[in-house]
Amino acid sequence: MYKKQLVRNDEVAKMMSFISYLLNGLSLGSVYAIIALGYTMVYGIAKMLNFAHGDILMVGGYTAFIAFNSLGLPIPVAILVSMVVCTLLGITIEKIAYKPLRQANSLSVLITAIGVSYLLQNLAQLIFSANPKSFSSFVPLKPVKLAGGQLTISGETIVTIVTCIIIVAGLVTFINKTKAGQAMLAVSEDKGAATLMGVDVNGTISLTFAIGSALAAIGGILLCSAYPTLTPTTGAMPGIKAFVAAVLGGIGSIPGAFVGGIILGVLENLAKAYISSKLSDAIVFSVLIIVLLVKPTGILGKKIMEKV
Amino acid sequence: MMDRVKAEKQKIFRSNMITFGIVIIAYIVVELMMQTGNISSLFKGLLVPLCTYSILAVSLNLVVGISGELSLGHAGFMCIGAFSSATWSMLMKSSGMPEGMRFFIAIVIGAVTAAFFGFLIGIPVLRLKGDYLAIVTLAFGEIIKNLVNALYFGVDANGPHFSLEDSMHLNMDGGTIIIKGAQGITGTPKNSNFTIGIILLLIVLFVVLNLINSRTGRAVMAIRDNRIAAESVGLNATKFKLLAFTISAAIAGIGGALYAHNLSSLQALPKNFGYNQSIMILVFVVMGGIGNIRGSVIAAVVLTLLPELLRGLSDYRMLIYAVVLIFMMLCTSAPSWIQYRDRIMMSFKLKSTDGKENK
Amino acid sequence: MKKILSVVLAGAMAASLASCGSSGSKPAATAAAGDTASSDGAAADAGSASGDLTWKIGAQGPLTGGAAVYGTAVINGAKIAIDEINEAGGINGYKVEYQTADDEHDQEKAINAYNSLKDWGMQILIGPTTSAPTIAVASEAVNDNMFLLTPSGSAVDCTATANAYRVCFSDPAQGAKSAQYIGEHKLATKVAILYDSSDVYSSGIYEAFVAEAANQGIEIVDTEQFTADSKTDFSTQLQKMQASGAELAFLPFYYTEAALVLTQANTMGFEPVFFGVDGMDGILDVENFDKSLAEGLMLLTPFAADADDEATVNFVTKYKEAFGDTPIQFAADAYDAAYIIKAAVEAANLTPDKSVDEIGTALEEQMKTVSYDGITGSGMTWNENGDVDKEPKAVVIKDGAYVSAE
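Chains as they are written, first to last, in this note's numbering: chain A, 1 to 308; chain B, 1001 to 1359; chain C, 2001 to 2406.
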């Protein structure tokens, strides 16, 4: 009888740790998801891999840090400032580095995106130095304790997931219900036809970059709130992982980015927990390869029509 | 008809000869500079890396330009070539095998191992297209880097030992540990030199240029331009793509072997074998002109030298490098910039002719 | 059109190369008058012989990219020392010129950085900063017999060549000393380890720690890793460590990651004794870091920025004045490196007109007898492997400051 109880306790403990690994995964995954949304939107419209997205995220983090810690602005204002700065930055980058190449080979714009990424990283290093900064969390919520303290969900996790869902819902509504959103859809389907129908293609692309960059600002703040170390290379690896998440979910699809981000985060943490924390990258990337081989356009991606 | 084919062939032959000529002349000039001592240590140290990156750029151009696929995992093949060849050299270091022979076999091992992995990954992956292929190859490169960083390999009297844990788990009975996880391989003999680098580059150029102008090469390009049409005339698309991909991987492996034997310490850092490196090689290819082999070599040389020449700018070096990268890309590819550039060129030409007339 | 442009670009590059080559070979050209131009050592001599004699000391490390914080610290730390040395009349009566180069924490770039310093006429190198570049540069520099003293290249092979010495502990020494300290002071018997499996420094310490732990009666209940590509989220690893019932968590990695690890451990209520190594130094000075999170953290470090001896106070004040932030151990190592070089050069009675080779040979011999009291240890001596012998100080963080753990 006593022994049975012990076994059950053991099982409960195992279950609890499984759930908490899952929660860690959700927390990381939701951050990936928010970054992936920006990636996927830009890809959908401009058909380009914006490698500088992760670095816009970093700029968002630094701006919020300066606004909140150095200037002492209240949190909502700091978030707003960070979004405005990132939006302007995103639009400027698009105008200078991407727009002139819209007619050129799609790889050329990939290269300028990399150039912009280097530029932002090195600029940030010159301005803020390479010393890490510790970011104060923008989430005032206390961690929630469940099951008698065996499970802890941090406030950041809750806020990130909720924000992420709100953004996905908002974006889907925006695209389906508003004129600007429909214009985006039209541009992503066929630029030429959209122009003929009187859609302002340039304006639409700028709008996309603006929204994508504003999302990067939010992503940056949430990333740094959950994982509070800020350096000039903070955005690089989460940026790449989010890119992977976007492809996993089906690049160009907004719900796909959400799903991809969550799956990636959960997978990464479960791999660390149950297989090897050393090889978690290899495991995650292997799963990505397998998924793409089975479903070549990602989990929620649209089938590509092959034209003759 | 025959004449046209002949003329075309002659043109290609001439173009190839120019490419070889540039490399050989560059070699002679540099050798002369070295003989007369008119060369800085910095430049001397850069000679082998220049060959390495030229070889890698040619290798990737075969995939991106000729086969029309986007690969972001070439640093992975380079990594495989580097580690496999360095392991061989370390194993044979004390065997008394002549150095030249040992290095030759090391290069072959690097190429073959990389080709093997290229073939292996190519079979399933080449069914994917465009950006999806790009992301899968990127993932592959990261997997390789992750695994190499976790790999421990040693040899003792009982034979080879592997572990993905740490060197204690090798259960070695004396012997030597060759690959020590993140600490990599140290003490690789420095066999690479400029002459060998140039010879390898010439061989690679010879192979690739001949491949492009062969039946196989034309088939690969036909598949790139219109897969369905090419398949309808009986070309096996998968086979040809796989062939190009495998050869490209082999060449990247050669580049890796050259890289590994130029440095005495070999570690898989994000900088040398991570996705950044893969992207850098892609930058060479795009900047040099997709499908333009000679351009790849020139771009690889120019862009490898650039950050070194900017050393005088100290803190602003990488910043300026980024700006130059963006600027160069805009100059070579943006339609509006090209127009503007042509106009300036034209006005220059007009001016110079004006000047002549006035005389 | 593209072709024309590429030709133009190639031409421009060739032209700049030629100019670079000629500027690099200028000393060589002047040397050619009297001496053979091939030896770089000779080139440096002749270059300085034309003007006032000065020492040319170089330093290198990553100044851009993810590891920039360490390279910057080394370069700044050495700068403070060299400025002081020059104010006090130089080394052996000759002023010191100082030049730095960026190696981006990459072996190949490190060779380039080294070569560019050599072209400048460097006679002694302080650096490189990180292990992998140090191994590569040391084996290149041995061909020139260039003396190099790395402040912080800690992997065993960094000093494998005769010309290479270091100021910091080697990785195995640190790992073993940490295990000994934990065992001797009975801090814990159940230890969990978290380390960076993609990093030379971290995995080197880890291996030595595990090997020594067995002798000290320490049971390793859990080993977790992270890599350079996934160091945002440590919660799963920390949870496993917590579940393993560890009394002490050994964290052999740098403070940049440690700041994050401590924050996440705090969130989940994981409170063992945290034990760090010298890379942990600097954690209290991360801008805006909540110091209460580091409360009780122990570390073995040869340097503590808030030590109140005169030398440390002097260095820290000057560093803060010049660069705005508190120096980390890398900076202190580099500061000591400059003074160790000064001591060795003066003991060997060298002058800057000697060739790189002569300086190298003399210093390699001299280092075996030099004893130096610095801010990263007193009575530092060196064996012929180039490894330093000094005692680490165990410190514990109390009320946001280092306190001796004894």
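Any given hint could turn out to be false.
Derived EDC-like pairs (lysine to aspartate or glutamate); straight-line CA-CA distance at most 20 Å [unchecked claim]: (1) Lys-2291(C) x Asp-2306(C); (2) Lys-1190(B) x Asp-2052(C); (3) Lys-2177(C) x Glu-2391(C); (4) Lys-145(A) x Glu-2271(C); (5) Lys-302(A) x Asp-1131(B); (6) Lys-47(A) x Asp-1003(B); (7) Lys-142(A) x Asp-2144(C); (8) Lys-142(A) x Asp-2290(C); (9) Lys-1129(B) x Glu-189(A).
Honestly, the hints are just simulated from the structure, not real lab data.
A quick look at each hint next to the structure:
no., hint, in the structure
1, Lys-2291(C) x Asp-2306(C), "holds, 14 Å"
2, Lys-1190(B) x Asp-2052(C), "violated, 38 Å"
3, Lys-2177(C) x Glu-2391(C), "holds, 9 Å"
4, Lys-145(A) x Glu-2271(C), "holds, 17 Å"
5, Lys-302(A) x Asp-1131(B), "holds, 14 Å"
6, Lys-47(A) x Asp-1003(B), "violated, 43 Å"
7, Lys-142(A) x Asp-2144(C), "violated, 61 Å"
8, Lys-142(A) x Asp-2290(C), "holds, 16 Å"
9, Lys-1129(B) x Glu-189(A), "holds, 18 Å"
Consistency note: the structure conflicts with the earlier hints numbered 2, 6 and 7.
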